[in-house]
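Engineer: Residues per chain are reported as follows:
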Amino acid sequence: MFSLSRKDFTLLAVFSVIVMTMPIWLQPLGAAYPGLMQKFVIYAIFAIGFNILFGLTGYLSFGHAAFLGVGSYTAVWSFKLLSMDMIPALFFAVVFAGIFALFIGFFSLRRSGIYFSILTLAFAQMSYSLAYSVLTPITNGETGLLIARDDPRAIDTMLGVGQSASGMPMPSLIGIELGGYGGFYICALVLIACFFLSQKIFASPFGMALRGIKSNPTRMIYTGFNTKPYMLTAFVISGMFAGLAGGLLAVTDPIAGAERMQWTESGNLVLMTILGGVGTLLGPVIGAWVIKYCENIFSAINTQMLNGFFEFLPDGVQSVAVTVMSKFVGEGWHLTLGLVFVLIVVFLPGGLVEGAEKLRHRFRRRSDTYDLAADAQEKRT
Amino acid sequence: MTAQAKAVAPDAVPGNIVLHVADVFKNFGGLKALSDIDLQVEEGTTHAIIGPNGAGKSTLLNVIIGRLPPTSGAVVFDGNVLTGMAPHEINQLGISRVFQTPEIFADLSVLNNVMAPAFARRDGAFRVNMFRAVMDEAEIRAEAEGLLREFGLYARREDHAGALSRGDKRRLELAMCLIQRPRLLLLDEPTAGMSRHDTNTTIELLKSIKSRGMTIVIIEHDMHVVFSLADRISVLAQGRLIASGPPQQVKDDPRVKEAYLGVPAE
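Protein chains in written order, with the UniProt record's numbering: chain W, 1 to 381; chain D, 1 to 266.
Please note that the accuracy of each hint is not assured.
One side only, chain D facing chain W, incomplete, derived with CB under 10 Å [to be verified]:
{"#": "1", "residue": "I17"}
{"#": "2", "residue": "H88"}
{"#": "3", "residue": "N112"}
{"#": "4", "residue": "N113"}
{"#": "5", "residue": "A120"}
{"#": "6", "residue": "R121"}
{"#": "7", "residue": "V128"}
{"#": "8", "residue": "R132"}
{"#": "9", "residue": "A133"}
{"#": "10", "residue": "E137"}
{"#": "11", "residue": "E139"}
{"#": "12", "residue": "Q180"}
Just so you know, these hints were derived from the structure itself, not from any lab. Every residue, glycine too, gets a C-beta built ideally from N, C-alpha and C.
Chain D with its partners taken away, still in its complex shape (with noise of 0.2 Å):
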């Protein structure tokens, strides 16, 4: 079998709740960013969360994936309460994040940029490796330009991942995610700043990811990535949750066109 069909999250159950944030609230100051948040993401889906700017969006990732500590309440993944635990930790359980503006390691190699997460899947947090080559591990190096010729990065594995253009940059983080094979995948506005073909292009990507069973929690402004993907669309808006359910419901929901569209739902 290819890396393709490896990269599948290995037990999906659908119907299963895997993300659970359970009334969180996240003050900075007076402001409040999130106010009683409820959310539930089923194993299996695409949950978009998308709402206009300065909704929360971005604070609510992060306190998803332990960048900042809620105010009060909860975040359960599997069965395990997120909060307190350390961004290493959180990655451990099986939770991998795409950033908004591309993280990736710039001094390393393609190549290695792929590698390096595929370590820390199959070693752990710490571990002191040090009398093997990184160019002797056949399988991940395998799995690795296996990701890499899928995501068309193949012929530029040995360059500085530094010296890619943006579109490829946030497709290399892309594929650093997914050679860890994470049971949820979190994406912080995949295409933003993209041409109308790199979304395209982005979009049958994140297609081919989600037919492989992953979950995946996406926050984006495109609404037409958006609709493209999502099982579930929730809307925030000034820190609170207005609706939530199946794309076609949010979107005919009088709330999220006044949310949006500034018009009183009549």
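Chain W on its own, in the form it takes in the complex (with noise of 0.2 Å):
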């Protein structure tokens, strides 16, 4: 049942290496904070998700910032109402937004393509709106739901677990609070356990009939398989991950606010699975990445850092490069990423990580003709 192919053990283990050691190699591109860290190990949970949607069926869904959204509110409920122990919230988060997803995702998916996409758009969009009006009593609208001292936390208080005489109280894992690095590598475990959970997707009969449901829906009925079934699993289980990473984000800062479910944030999460790679294992992870460094580095990124970063050219020059280069950072990182995304789009199709394929044949092509040269050589003595 854990079992992998010797290739997808060695992905899965450079990749928790990767993840545990994000505090280093993070330190030199000046992202080595905890709260940026999370926000990393969080949306990849976020797009990983999606790609087993998007990735294996090829249903584009512009709606599942809703389940992160559902997810947000449930985990904070679940420390006003329940506990501040990071697990019921996340049990729960996921639950929630897998109901949410099995109610929106069987409406939505009785149709295809665009269609499809439209739906799931405007449930999200409706989620978002019913957030801030009619459901306030629930999100607390505009202000965003917050924990306060004096919530019931039944658990809680039938364990006896007492509140420090002051401030809010903090989210924990079974009495260990989480604040800061031990937030961020609880979260990275958890992304770990998720990656863990694609790659055996992926490997998965149950994602061969996902990827036959992409390559060609006549064949697949027409071969004994229901479709309908397979495609909500698939939309459940995307939206169970954003749920769970819906959670995370409560759990690393307890407030969930209505601007979580809006449409920009579903199209970010579409941005960063196709700029990583869309149906692959590592690119959505990478495309979260980059899009969330781009969000916090590159947006604060002000005039005085480009001047002092063009003082090398004369002034006049200087003064130029800065005025140029000024529009696409900061506010403007938005064009940045834009610019990039163009780009990937029309020479890389297949995101990032096509890019690093393609170069790695590329060096593998040169060594083998220098093989053939050394092999020459050697046959010429």
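Quick one: dock chain against chain with the hints and give me the complex.
Structural biologist: If you want it as structure tokens, here you go:
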């Protein structure tokens, strides 16, 4: 049940090392602070789940942010009503997001292609509007759902877990408070587990059936597969991943707001997956990291930093360079992202992962030619 | 035993009517595509349906596999009324179909193309099987590889099926159907657009399948193919069944000559 092919196992091992050593290799990139690394890891989970739907079946959902939002709200309610422990919070986040996905998927999957995408988008925008208006008693509207010192927390009270004398209670895992690096490492472990699960799904007959639906739905039904429940299962699984990601966002920062459900968030998720490589195991993770990095680092660059960077240039040229570059950083980081996205889709439709594959092949071919040349040399002597 | 021997229909009883197309009519608006078709297919035989262009052959096949609902009448397979059933349910009863233009999984490897239908046979129409890798399913894999060897596609098992030649795609599709060990195999012009050489290879392949006791219904234009394979021939013309019987009898039937040559029988 937990076995992997040797290739997948190597990939999982390398992946785990990369994730766990993030605080080290992100240091020179200026991104090694816990708050940002938590985001890297959580959005990678979100993208992995999305890829199970979009990558395997080809159904493009534009409403996955809704499941993320549901996960966050559920987790915060679990903190308020049950316990500050993360386990029930994540459990209910996944379950509620799954139920929600079952409902939305049931209706959306009656159509395919662009109509499916529009339906998911419509449902997500509906959820977003509801969270802002009618559902204010549950979502606390614009302010966002917050925890308070005097929340009931039934389980904590029952077990006699006391609160610290001052300040807000913190989410915890079996009594250990999860701030900063602790929160990051917990999320990292969850990410590795999710990556493993996605490897299992990719290699399984279930994953093959999903790929078959993407490749040729006609052949699938005349081969005896009932494609509808397969699609719905994939949709619910990816919704549960999104709920898990939303729950983790609440664990690292116990607040839930409706803006998490907005369509731009769903759009970002699509960008992440395509940028990294649709249908590949690593692609969505890489895409999520690149976009979150740009969002947080590129957007923080200001004119002053650019001036410093271009100091070596003559005065006139420096000011021109700074003026041009400043359009692409800070507030304008979306411009950079858009350009990169266009370039990738045009020249590397398989995303960054395909780019890496191409490079690897080129190097291999070159080393092959060297080998041939060496062989020829040997024969001659 | 090899996969070859396994692919035989398990309990073929000669003389048993396995497929009964009973009084089927199919209208498209005012057009009568099929009128009063009554057809019985015996278990273990190869039954060819021939006819000039537009005679309704493909419509008949689509009615059988549930792609088109008949206007009236019914199709009965092995005691089950197929009318109103979903295509996957019909396949689960044991009917596999080869299409006129090969329907394969172009993005999957050749080996996976053959393995996928085997999962549908073993696990049914829907099963979430997430924790076992496809490649660890040794039994199904061996069976698929055996079939690929037999069909001359083994060397290409790792390639994307979309990269195969047209003839190879057709053979692949046939292998995909055979791994399901169907009780009835439907072939829609399996040699259309093939070279003479490929046609002959396909005939040999189909003969070997037939010799294992498989029940086959074949729609074909090419008389060479039909007379090499068929035990019985039914002739459709303008949506009506004008003749049905053993090849020689059909060949000599004056109505058939008329339908094909346009010469009135004297």
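Engineer: Hint by hint, note whether the structure agrees.
Structural biologist: Here is how each hint holds up against the structure:
The interface hint given for I17(D) is broken, as the beta carbon of that residue sits about 23 Å from the closest beta carbon of chain W, more than 10 Å. Evaluation of the H88(D) hint against chain W yields a held restraint, the C-beta minimum of about 5 Å falling below 10 Å. The criterion of a C-beta within 10 Å of any C-beta in chain W is met by N112(D), whose closest approach is roughly 6 Å, and the hint holds. Contact between N113(D) and chain W, as hinted, is supported at the beta carbon level, the nearest pair being about 9 Å apart and thus within 10 Å.
Contact between A120(D) and chain W, as hinted, is supported at the beta carbon level, the nearest pair being about 4 Å apart and thus within 10 Å. The interface hint given for R121(D) is met, as the beta carbon of that residue sits about 7 Å from the closest beta carbon of chain W, less than 10 Å. Checking V128(D) against chain W by beta carbon gives a least distance of about 5 Å; that is within 10 Å, so the hint holds. A least Cβ separation of about 6 Å between R132(D) and chain W falls short of the 10 Å threshold, and the interface hint therefore holds.
At its closest, the beta carbon of A133(D) sits 4 Å from a beta carbon of chain W; the interface hint therefore holds under the 10 Å criterion. Hint status for E137(D): holds, given a least beta-carbon distance of 7 Å to chain W, under 10 Å. Residue-level restraint check for E139(D) is violated (minimum Cβ-Cβ distance to chain W is 13 Å; threshold 10 Å). Interface hint status for Q180(D): upheld, as the beta-carbon distance to the closest one in chain W is roughly 7 Å, under 10 Å.
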